[in-house]
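Add chain B to chain A, keeping to what the hints say.
If you read the sequences in order, they're chains A and B. Those letters in the first sequence? Residues 1 to 397, per the UniProt record's numbering, in order. Those letters in the second sequence? Residues 1 to 397, per the UniProt record's numbering, in order.
For the record, the hints were derived by calculation from the structure and aren't laboratory data. Don't take each hint at face value.
Copies of the same chain look alike in the list, so a pair counts if it fits in one copy or across any two.
[To be verified] Below are the DSS-like pairs computed for lysine-lysine, each with C-alpha atoms no more than 30 Å apart in a straight line:
| no. | residue 1 | residue 2 |
| --- | --- | --- |
| 1 | 38 | 103 |
| 2 | 20 | 103 |
| 3 | 56 | 103 |
| 4 | 35 | 312 |
| 5 | 312 | 38 |
| 6 | 313 | 103 |
| 7 | 56 | 20 |
| 8 | 56 | 313 |
| 9 | 312 | 20 |
| 10 | 35 | 293 |
| 11 | 22 | 103 |
Number of protein chains: 2
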Amino acid sequence: MTTVEELRLRIRELENELIKSKQKQSDAEHHLRPKIDKMSAEVVDSNPYSRLMALKRMGIVQDYERIRSYSVAVVGVGGVGSVTAEMLTRCGIGKLLLFDYDKVELANMNRLFFQPHQAGLSKVQAAEHTLRNINPDVAFETHNYNITTMDNFTHFMERISHGGLEGKPVDLILSCVDNFEARMAINTACNELGQTWMESGVSENAVSGHIQLIIPGETACFACAPPLVVAANIDEKTLKKDGVCAASLPTTMGVVAGLLVQNVLKYLLGFGTVSYYLGYNAMQDFFPSMAMKANPQCDNAHCRRQQEEYKKKEAEQPKQEVVEEEEEVVHEDNEWGIELVSEVSEAELQDASGPVPDLPEGINVAYTIPKKDGVSGDTVEETEQSLEELMAQMKNM
Amino acid sequence: MTTVEELRLRIRELENELIKSKQKQSDAEHHLRPKIDKMSAEVVDSNPYSRLMALKRMGIVQDYERIRSYSVAVVGVGGVGSVTAEMLTRCGIGKLLLFDYDKVELANMNRLFFQPHQAGLSKVQAAEHTLRNINPDVAFETHNYNITTMDNFTHFMERISHGGLEGKPVDLILSCVDNFEARMAINTACNELGQTWMESGVSENAVSGHIQLIIPGETACFACAPPLVVAANIDEKTLKKDGVCAASLPTTMGVVAGLLVQNVLKYLLGFGTVSYYLGYNAMQDFFPSMAMKANPQCDNAHCRRQQEEYKKKEAEQPKQEVVEEEEEVVHEDNEWGIELVSEVSEAELQDASGPVPDLPEGINVAYTIPKKDGVSGDTVEETEQSLEELMAQMKNM
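For reference, chain A alone in the conformation it holds in the complex:
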């Protein structure tokens, strides 16, 4: 009934249709813009860097192109880490190294970045795919593992030492993890290598967060002092219930990622004031900031060694005055009826029984130790001993 000619025609039709279908698929999946060799300041719609290069004309950044010479490692590609990686990608960072062992789940969809069709993929794989599409000029290296196991930690150390551009160390490590162990692993690695890093965190009740700059030997490391968080005026008992899953909000995580990457840009490109610690209390829109020196009694030996080296370096250099004043925000009367609204939360440090530092209002320690009932005292000096106990307890959490 059908002639050979008709069959051949049908085959040609089908072949054409198949080519078109595959082309369409390829367009959608791989619609990469061409790579750009040199960042241009030209003000045309087709230039993805025009609004960033404008920072030079505005007098904010002296040499924006320098961003291409930097590599940053992001550990933890969740609610904060993924947005952090996206911001750095859009800013045209030279290289990003991503570390995470988790998979994308629908339960992550209340935060920015990942999309429902990525559920089931590893976070680093899904992130790399999206980020490469956004900016093919950035180099990516991803590791789908938990940095806290012995083997992975060794590999992690190797990559942050040699995974930067041209085999150099990375310029900065960003901790965007959600647990104490991973933070301590990063802290240990950075103390050993003398690697500057920034830490970030969001509270389990989703309404506070913070960022912190850690320069080994110079500022307090994660083992120097109890990790600090912003008090959110929330009943601790409600928060610490066993088996309760943490709450999260795209707003809080977006703000923390934004403040973190802003600090990274200021640090790498040399503009504005880099924050040592900046907290965010969403309930009251309160943003405490401060700086914390390294603790000479830190129980991390590498931290103590870095402190010695920092002291030597400081002694060799001519002394510079450090400005540490704080101006008050003044409450003024005026004919326009402008009024300042209370923005400072109550400090809740009363429960802490360990050697808790005096902190600015609104900042709290992340962990407190229970009252020592019946624990026998050592011969070691009281204050030092309880600090070490505190750190040991925290490590076991």
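Frame of chain A; chain B shown alone:
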């Protein structure tokens, strides 16, 4: 040479391949998760709302599900508006109305949300496609037009009056536009309708921004007082050069969007303190906040009418004490070497020659009027007149 049987076989192969190819395409393009009838608090990986519903268990929000009953209009779907829309979508807002007349360009790729393959599409169309994929439970209505033209303004008024869920007015309008005219159009519409709205803005040098809550009759509207911005300690002359394209950063815009949507969530769901005005100075990580009362001499007649109605309502209700204290952040010495870092920028209000309000340090007026050389005085009271002149001048900018 080829038998009919062989040709038939080839056709079957091609048909199968084509089906597979189209299926793959469809999966990638329309991998929508099924709609969810009722928000569940169940802690499983497949529940996109588990981390939001956890806000109830954490004691932050009493009735999170209520978010589904609200509709929000976002005017301007650029660097701030697109992220704002994405955050609200991921939070599960009931309905979003998006207004923008712009197209996606590669020059937008230094901000979050849009991707290079969307270049050339209208912003509202591209945004709706992405947002529907992220959360099919949200209802969307998009308008690809400029709200400041007469016809469009009438249509805009109609949609914010009847475009909410079940034909009700929208619950909130968010201004995420980048120009004075559009802000004034929203202000005019909201004053006439008594519609609460929030305004947002980012400076042309990309390093400061703000959000502001405007409740007609209660707080200052956009015509009551010169729009306020956070001073960024930047040379104004560098900034105001003609023909210079504005700089922008994904960080600043992400932070402003995060603070804006956080304020929306607090306002709609009733938790924390809703901010009237919150500024962000990225150079110093300084966040001034304040509140501003409506101006009885506002030249917007609808604003004055709303003020009268507000006064009547207030008089009818039993009086409540308003807390307007501000606690100081205290600088404390301590054994841990914690130091507060200066976070307040210098006020730069000296250049302003008009009747500029006394503002907290770090906040500035967005527009100042040149010194009145040779302008003849009117018989109208001096202060009122110059205010009106200021507003008239601003409208002409």
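Cross-check of the supplied hints:
1. 38 / 103: between (35 Å within a copy, 25 Å between copies)
2. 20 / 103: Close across copies (26 Å), not inside one copy (33 Å); limit 30 Å.
3. 56 / 103: Cα proximity of residue 56 and residue 103: across copies only (26 Å, versus 40 Å in one copy).
4. 35 / 312: neither (45 Å within a copy, 63 Å between copies)
5. 312 / 38: Neither: 40 Å inside a copy, 63 Å across copies.
6. 313 / 103: neither (44 Å within a copy, 54 Å between copies)
7. 56 / 20: For residue 56 and residue 20, neither the intra-copy (45 Å) nor the inter-copy (50 Å) Cα distance is at most 30 Å.
8. 56 / 313: neither (32 Å within a copy, 52 Å between copies)
9. 312 / 20: neither (68 Å within a copy, 67 Å between copies)
10. 35 / 293: neither (43 Å within a copy, 52 Å between copies)
11. 22 / 103: both (28 Å within a copy, 27 Å between copies)
Comparing the model with each earlier hint shows violations of hints 4, 5, 6, 7, 8, 9, 10; every other hint is respected.
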